[in-house]
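**Q** The primary structure of each chain is shown beneath.
There are 2 protein chains.
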Amino acid sequence: MPTRRQCANAIRVLAMDAIEKAQSGHPGAPLGMADMAEALWRHVLKHNPANPHWFDRDRFVLSNGHASMLLYALLHLTGYGLTMDEVRNFRQWGTRTPGHPERNPDLGIEMTTGPLGQGIASAVGMALAERMLAARFNTSEYSIVDHRTWVFLGDGCLMEGVCHEACSLAGTWRLGKLNALYDANGISIDGKVDNWFTEDVAARFRAYGWQVIGPVDGHDYAALDAALAEAKKDTIHPGLIICRTHIGFASPQADSAACHGAPLGKENIAATRKALGWCDPPFTIPEDILVAWDARVQGQAAEDAWQNVFDAYAAAYPDKAAEFSRRMRGDLPEDWADITKVMLDDAVSAGENIATRVASRKALECLVSHLPELVGGAADLTGSVGTCTSASTPLDVAAYTGNYVYYGVREFAMSAVMNGLALHGGFIPYAGTFLSFADQAKNALRLAALMHIRAVWVMTHDSIGVGEDGPTHQPVEQLGMLRLTPDIHVWRPCDGVETAVAWRCALESATAPTVLSLSRQKTVFCARNPQQIRDIARGGYILHACEGTPDIILIATGSEVGLALEAAKALTQQGRKARVVSMPCTSVFDAQDAAWREHVLPSAVRVRMAIEASAADWWRKYVGLDGEVLGMVGFGASAPGKVVFEKFGFTVTHVLELAEHMFNKLGL
Amino acid sequence: MPTRRQCANAIRVLAMDAIEKAQSGHPGAPLGMADMAEALWRHVLKHNPANPHWFDRDRFVLSNGHASMLLYALLHLTGYGLTMDEVRNFRQWGTRTPGHPERNPDLGIEMTTGPLGQGIASAVGMALAERMLAARFNTSEYSIVDHRTWVFLGDGCLMEGVCHEACSLAGTWRLGKLNALYDANGISIDGKVDNWFTEDVAARFRAYGWQVIGPVDGHDYAALDAALAEAKKDTIHPGLIICRTHIGFASPQADSAACHGAPLGKENIAATRKALGWCDPPFTIPEDILVAWDARVQGQAAEDAWQNVFDAYAAAYPDKAAEFSRRMRGDLPEDWADITKVMLDDAVSAGENIATRVASRKALECLVSHLPELVGGAADLTGSVGTCTSASTPLDVAAYTGNYVYYGVREFAMSAVMNGLALHGGFIPYAGTFLSFADQAKNALRLAALMHIRAVWVMTHDSIGVGEDGPTHQPVEQLGMLRLTPDIHVWRPCDGVETAVAWRCALESATAPTVLSLSRQKTVFCARNPQQIRDIARGGYILHACEGTPDIILIATGSEVGLALEAAKALTQQGRKARVVSMPCTSVFDAQDAAWREHVLPSAVRVRMAIEASAADWWRKYVGLDGEVLGMVGFGASAPGKVVFEKFGFTVTHVLELAEHMFNKLGL
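Residue numbers (numbering that gives the first Met the number 0), protein chains in the order written: chain A, 0 to 667; chain B, 0 to 667.
There's no promise every hint is true.
[What the hints assert, rightly or not] On the chain A side, residues computed to face chain B include the following (Cβ under 10 Å): (1) G64; (2) R90; (3) D154; (4) E159; (5) D193; (6) V200; (7) G208; (8) A377; (9) S383; (10) G466; (11) P470; (12) V622; (13) A638; (14) K646.
[What the hints assert, rightly or not] 30 Å max Cα-Cα, derived DSSO-like pairs, lysine-lysine: (15) B:K641 with A:K20; (16) B:K521 with A:K265; (17) A:K265 with B:K641; (18) A:K620 with B:K646; (19) A:K620 with B:K664; (20) A:K641 with A:K620; (21) A:K620 with A:K646; (22) B:K620 with B:K521; (23) A:K521 with B:K265; (24) A:K45 with A:K232; (25) A:K664 with B:K576; (26) A:K641 with A:K521; (27) B:K664 with A:K664; (28) A:K620 with B:K576; (29) B:K20 with A:K641; (30) A:K620 with B:K620; (31) A:K664 with B:K620; (32) B:K620 with A:K646; (33) A:K576 with B:K620; (34) A:K568 with B:K620; (35) B:K265 with A:K641; (36) A:K576 with B:K664; (37) A:K20 with B:K646.
FYI, nobody ran anything at the bench for these hints, they're computed from the structure.
Glycine included, every Cβ here is placed at the ideal spot set by N, Cα and C.
With these hints in hand, go ahead and build the complete structure from the sequences.
**A** Right, here's the structure in full:
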């Protein structure tokens, strides 16, 4: 029977050898955290390596994702399907062992980490999901939802602002089943942290309402066991266990930044092997250590026990069990088609000139009342963004009832928590803020895209139409920023009907996040025939047709579609054949077949004008060198919205001038 | 002689009346903070309304910028040149009283605020600048730099992550002359904060190493005076004065979110007037109150006293005084042309194939040794981003010596602090992180652009060339995101020579921030004639020419220029006339006259290909509908950089294929 230290050392050698082979990676953290990992993963963590999809597993998040080899070593050793070949091919093309962990539900990687602080922030969302789901599905006899969320994090995570935002919320939400182990090694990339990280972390977390344990010696198993036990006992306060560790433990570079982000090198590895008393060659783990780590038998037993409970639950509460299973699968309700038909019909028949943020609230009225998996919220702009419906009730942390979360002024944490809610399963998060504050949330949206998460960001006040609040609150470049981010769908609907379709598409987008860009101000209702209504879901379609080949195509989105329609009328009066294309979602339009794209935007028609009150350059994609863009080339300004639009040239007169300019330039 | 409350009430009525007239704005905070403002501005703040440019004034930052009418009222009442007409035209087109304060040095508005948390974060930078400048210029006899930084902030600021990052640094940096007055009214837009903001703010700030005073009654002048005096006494710990206030003080909507962001309405205003005992009509302030507020005489006296000290200083230390004045004006050194000539000549004669991040460090070696105003730093990536030179010494808070700041893993606060350093004057900040983490800093960069700040962001590892660290660390959309942001110059140099020019342009850009996008991996040195070297500063120029009109133009930036040159060679061998345009800075290129743009990119040549390992769509601006973009359409992947480039098609073969495709399509 190997010692616990020998078990931990298996992580250490795998990490340093794989990093050496790749000639790239971060050995310091895996060497430092190996004992913490042994204490958690071999003795406390509830999981079944044979089935990474087991719903009631504990969630584990490696917030300091650069320690990826720690996780890969654990997945390999405990019996997940990660082979030694994959460990050996760490950081190579096409492997499941990339430089930073990438979400892989089949392998047991809960989320993508690397950008520091976001692991812990999304873990807060996972822990919240667990409590909310337990409140909805557990009964007095059956606890089918009962697991913990464990996080490893380092100094870097604690310095990042998103960690502050999320951990403050975790305290408020009393997430006692969330526990973070802080790898307090006192070293970051630039060296000893004394000159840039002097805060009293324990006091700070107590101020958030956390239980703080330690500092304990992160290499002392008894101390770690005791700390973990103490953490588990407190189910009201989230727990932070401060573990004092030595980065690069046992290596000649221990306690120095030198081992943070570069391979140790042959000599140091040899010296570390000696210090660890490890005699085996690289990528060879002694059988007894492999046996000691293998968690499949006990994992399967744990899952089997849970399955028995769940089966009994299903027998007693077949409807609840079916609903639970549906939500875990992420399927939309069976009557989804009916629900969305009602939502869309309502929007069509209302025929209102309303702000799309209001149209969104109306769509949500229908959706929230029918989809219990929706968890709404806002970053302290509830009334403005219209995310709270009559079917919404605030999260109440006494019982974890409610389906609406007040995130406070924390756009970044809100978004990372949304990611965590979605990753956990059982919920589809949506929440709102102003589009200009997409900036603060940006990297969480990027991670949502990288992780193929279904979540909906309701981003309102989406142009200079914001008016008086001025340039800090008027987005200009944000639409382009989000559209350029791969695998995010950005919908900018032009009226209530497009808004309803956008919501439907957003919720049907099971593997990509959606941003809804919505107006503060009223938009013009557009009449459409049934085919046009169906075409909205293609991302771009002909909203206003003309006879034959158009002389000019106006492409517009959102609140500027009304202007395009008015301008088209004026152009028609001038004897020009003008088509208006509404383009609510460019990524969806781009994914249509070539025939559709050619149908909407015939290659031969080069007299094209894009009209959108956001950064103009992005639209060159559709209008090319010959076209014109009526967009923004600078920041907005503070004044009533209508005045701002006029001053920046969003008028029929200006559209006609630009059109004339194009016709002249092309000799038409 | 009016009472202090009457003086404060002048702010209240101006605020509620101006907001009512605009039918837009945030009355709650000005009404709540008016007494705090009276205590600070009438009794403590060192300023001269007759000269907002007086260097040694205290800095005042309204971090909760939605309370803008508080600031406008103060500027009007104390004697800055803000007229009652301007107050009356609050939030109207073209006025100096926009919805949120916009930096206006001529008017006494130190910075643009609105995005919560960034005011306090930049104030940390201002306070650091004061200490560092004092250390450099004060002598034992003469204190020419000796002022405080005052901040008003609210619950929202404290929830935002950037506040955590910056305030932790302020504690570490022992910025005792920074003092924040916290408007603790317990209300944010969504209502009473009890459900989303429960942390113990006092304990949290003590954990950062701050002095925490209060809570005091924010409407009790004696308590406020005492708190301000106590705060001033402690010159080692930054101070947080917690002021319990009533939002919408004296209005029927006091203590409710209803008064946060909407005009009070006629009836409520009448009731508030009555409660305040205010009988005058809107926009009319009784003469005695105006006299009581007018701070011009005492302000001029304070400035005169300082001027006397400065004159004596200048007599005793003429060189120091001249240098101080130069730095305050923001002029570059007299020998700037010589310095940059050396820097550029070195890069040309070195002729090395080096990573542009290394080229940047070489340029900095020259610049930092000659420009004492440069304050460098990094977000815990010093070695990687190359911002620390042999002339750099770390900030030492015992004496505020040093010119290099270790910001820790805090990209957002780093950027906001850089803004503060620049706003204060006397410094030009530059600092680095990875380009993918521009996300976290984004809104601070936006504010830098809005405020016309000179600062340089050194953003390295600027593409999939990052390699093994994988997609979380490989920027894709970030270049587009930054280029679409108005008034930021993004330079992506292709070799050491372009890097040197980029640095020169960045430092000469006195009214716009610069982002340098730099490679992790080696780039290919390009030979240029003297005219070409001069042309780099035009943002885009012909790097490789062909005879006559080109058959094809390859437009490339940064590390992909080498590929473009190779491909051009191959195209030439195929009998095609190929031009290579290097486009290191698109915004600068766009600002050139039409003749230059036509010279570089003749309209008639439509066979154009842009080559850049970042989001492809952005480049449609230059290649139009007929051209091709060899860029990224998805996220990157973890593998050695060369492998990643090859897998994503950045090869000569692929360029030739795309070129062939274009020639075929256009029948050439």
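**Q** Are any of the numbered hints broken by this structure? If so, which, sorted upward?
**A** none
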